[in-house]
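Chemist: Sequence order for the protein chains is A, B, C and D. Numbering follows UniProt numbering, in which position 59 of the first sequence is assigned residue number 59; successive positions increment by one, without gaps. Numbering follows UniProt numbering, in which position 37 of the second sequence is assigned residue number 37; successive positions increment by one, without gaps. Numbering follows UniProt numbering, in which position 80 of the third sequence is assigned residue number 80; successive positions increment by one, without gaps. Numbering follows UniProt numbering, in which position 81 of the fourth sequence is assigned residue number 81; successive positions increment by one, without gaps.
To be clear, the hints were calculated from the coordinates, so they are not data collected in a lab. Treat the hints with caution; some may be incorrect.
Said to hold, decoys possible - Within a straight-line C-alpha distance of at most 27 Å, the following computed DSSO-like cross-link-like pairs (lysine-lysine) qualify: (1) C:105 - D:98; (2) A:107 - B:42; (3) D:35 - C:99; (4) D:42 - C:107; (5) C:42 - D:107; (6) B:107 - A:105; (7) C:107 - D:98; (8) D:98 - D:50; (9) C:98 - B:35; (10) A:35 - D:50; (11) A:105 - B:42; (12) D:105 - C:35.
Stated by the list, open to error - Derived Cβ-Cβ restraints for the label pairs, each shown as a range: (13) B:97 - C:9: 25 to 33 Å; (14) C:81 - D:97: 17 to 25 Å; (15) D:63 - C:16: 34 to 42 Å; (16) D:32 - A:32: 41 to 49 Å; (17) D:82 - B:34: 20 to 28 Å; (18) A:111 - C:99: 31 to 39 Å; (19) A:111 - D:114: 50 to 58 Å; (20) B:98 - C:49: 27 to 35 Å; (21) A:111 - B:99: 32 to 40 Å.
Idealized CB from N, CA, C, for every residue including glycine.
Number of protein chains: 4
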Amino acid sequence: MADQQRDYTTIPTPPACYADFCLVPVGTASVSVAKEVAEVQKVLAASGLKYTLHSAGTTVEGPWDQVMKVIGQAHSIVHQTGAVRVQTSMRVGTRTDKKQTAEEKVKRVQDLLASSLD
Amino acid sequence: MADQQRDYTTIPTPPACYADFCLVPVGTASVSVAKEVAEVQKVLAASGLKYTLHSAGTTVEGPWDQVMKVIGQAHSIVHQTGAVRVQTSMRVGTRTDKKQTAEEKVKRVQDLLASSLD
Amino acid sequence: MADQQRDYTTIPTPPACYADFCLVPVGTASVSVAKEVAEVQKVLAASGLKYTLHSAGTTVEGPWDQVMKVIGQAHSIVHQTGAVRVQTSMRVGTRTDKKQTAEEKVKRVQDLLASSLD
Amino acid sequence: MADQQRDYTTIPTPPACYADFCLVPVGTASVSVAKEVAEVQKVLAASGLKYTLHSAGTTVEGPWDQVMKVIGQAHSIVHQTGAVRVQTSMRVGTRTDKKQTAEEKVKRVQDLLASSLD
Chain A
1 MADQQRDYTT
11 IPTPPACYAD
21 FCLVPVGTAS
31 VSVAKEVAEV
41 QKVLAASGLK
51 YTLHSAGTTV
61 EGPWDQVMKV
71 IGQAHSIVHQ
81 TGAVRVQTSM
91 RVGTRTDKKQ
101 TAEEKVKRVQ
111 DLLASSLD
Chain B
1 MADQQRDYTT
11 IPTPPACYAD
21 FCLVPVGTAS
31 VSVAKEVAEV
41 QKVLAASGLK
51 YTLHSAGTTV
61 EGPWDQVMKV
71 IGQAHSIVHQ
81 TGAVRVQTSM
91 RVGTRTDKKQ
101 TAEEKVKRVQ
111 DLLASSLD
Chain C
1 MADQQRDYTT
11 IPTPPACYAD
21 FCLVPVGTAS
31 VSVAKEVAEV
41 QKVLAASGLK
51 YTLHSAGTTV
61 EGPWDQVMKV
71 IGQAHSIVHQ
81 TGAVRVQTSM
91 RVGTRTDKKQ
101 TAEEKVKRVQ
111 DLLASSLD
Chain D
1 MADQQRDYTT
11 IPTPPACYAD
21 FCLVPVGTAS
31 VSVAKEVAEV
41 QKVLAASGLK
51 YTLHSAGTTV
61 EGPWDQVMKV
71 IGQAHSIVHQ
81 TGAVRVQTSM
91 RVGTRTDKKQ
101 TAEEKVKRVQ
111 DLLASSLD
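In isolation and in its complexed conformation, chain A is listed as follows (with noise of 0.2 Å):
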């Protein structure tokens, strides 16, 4: 098969995706995750992503490399406040058809919940 030949470590990450995740310290005495989320949105800050902190995660969006790269130095930073262990929760989606924020997701379905009551 043509399939055998081909170099599966030439393919590029995509252009574009959105990753929402939960980061947790682990073995921590402290049970409060507040500040290590602070710090995390430092991390972000300062990557010029754009990103949208919710109640039980934050949602970052850019090219998958850039992504991946800031969510990794949210773990490096949030080891540095001390955890030994730092556990991720994340679910990334991509697209090829079109860009879409964040905000414009949460828009589409809105309209779809108002359309439905008349």
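On the provided structure of chain A, position chains B, C and D as indicated by the hints.
Modeler: Same frame as chain A, but now just chains B, C and D:
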């Protein structure tokens, strides 16, 4: 060990939790999932539970059993729209020290960020 | 719309699902979570449901309500070991076309990989 | 605060991590995702990283940047098979105290379970 005698089947589920979930229909020709998301919102509204829509999912709060029931109902209703497979990514949190709503969590981080700028 | 009249509260939860979950205690001084994971395995064993442990989580299969009940019980038992907060990352799947066990899913992919080497 | 002067853009990503991920193509007519999973396995094999397939996802281990690169390449190759949208659920862990492979983690829990039966 005393532990071995314990009846693990009678352990109660948590009285309160939050669940942040993102449901995806698989094997439907349409790329847009906004219609399915809108159906899910109706199930949530009927549940009487508190919920918030954001761009990467929905956060719902309440007793464990009720929260999980409504997410299960969401799967069922998306199956009824024609999706043969439904996949959900979820993060769930419980705590025993205090109740903290979704809004309070966001505010706590925003306050920390504001104070660190002083 | 007829849709508006529908009673969304009576929709049943799915008769079968799988849930792959990873539970993390937050705010405990210990870095290791192996003790908590072992407690969770005992709750799972008591449930009578089929489950498999892997390095990044546990997969449990059965009716939606029973699967979610046992994961809720897992939260409760980890709280009982002293964790004030417990956070779980979960992915859940349901399908209406056929039942497919965890082993069958792995075998299907392995067969595809083997045949693509011909 | 000294903190304010810090250059957050130069923080390195973690030298090691594991990522457990489950990738789902959205908007393809086919219900089966086994073909896409098989393509993803080829991308993983080409990466040289250590990975394990299980019924609810794939666990890959290595330096943060390389692990995230290969998951991004997985998105790209699934787009190339025709999927307009690709959605991944991921959990990622890093630790600074020791390296622990996927097998070691499973063994640790199995040992604890075995010893609790004494």
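Chemist: The structure should be examined with respect to each hint, and the outcome stated for every one.
Modeler: The hints, checked one at a time:
1. C:105 - D:98: Not satisfied, since the Cα-Cα distance of roughly 33 Å exceeds 27 Å.
2. A:107 - B:42: With a Cα-Cα distance of about 16 Å, the restraint between residue 107 of chain A and residue 42 of chain B holds, given a limit of 27 Å.
3. D:35 - C:99: Holds, at roughly 19 Å.
4. D:42 - C:107: 16 Å, holds
5. C:42 - D:107: 16 Å, holds
6. B:107 - A:105: 24 Å, holds
7. C:107 - D:98: 33 Å, violated
8. D:98 - D:50: Status holds; Cα separation ~17 Å.
9. C:98 - B:35: Satisfied, since the Cα-Cα distance of roughly 25 Å is no more than 27 Å.
10. A:35 - D:50: 34 Å, violated
11. A:105 - B:42: 17 Å, holds
12. D:105 - C:35: 12 Å, holds
13. B:97 - C:9: 25 to 33 Å: 32 Å, holds
14. C:81 - D:97: 17 to 25 Å: 21 Å, holds
15. D:63 - C:16: 34 to 42 Å: 39 Å, holds
16. D:32 - A:32: 41 to 49 Å: Cβ of residue 32 of chain D to Cβ of residue 32 of chain A: about 44 Å, so the range 41 to 49 Å holds.
17. D:82 - B:34: 20 to 28 Å: Cβ of residue 82 of chain D to Cβ of residue 34 of chain B: about 21 Å, so the range 20 to 28 Å holds.
18. A:111 - C:99: 31 to 39 Å: 38 Å, holds
19. A:111 - D:114: 50 to 58 Å: 57 Å, holds
20. B:98 - C:49: 27 to 35 Å: 32 Å, holds
21. A:111 - B:99: 32 to 40 Å: This hint holds: roughly 33 Å between Cβ atoms.
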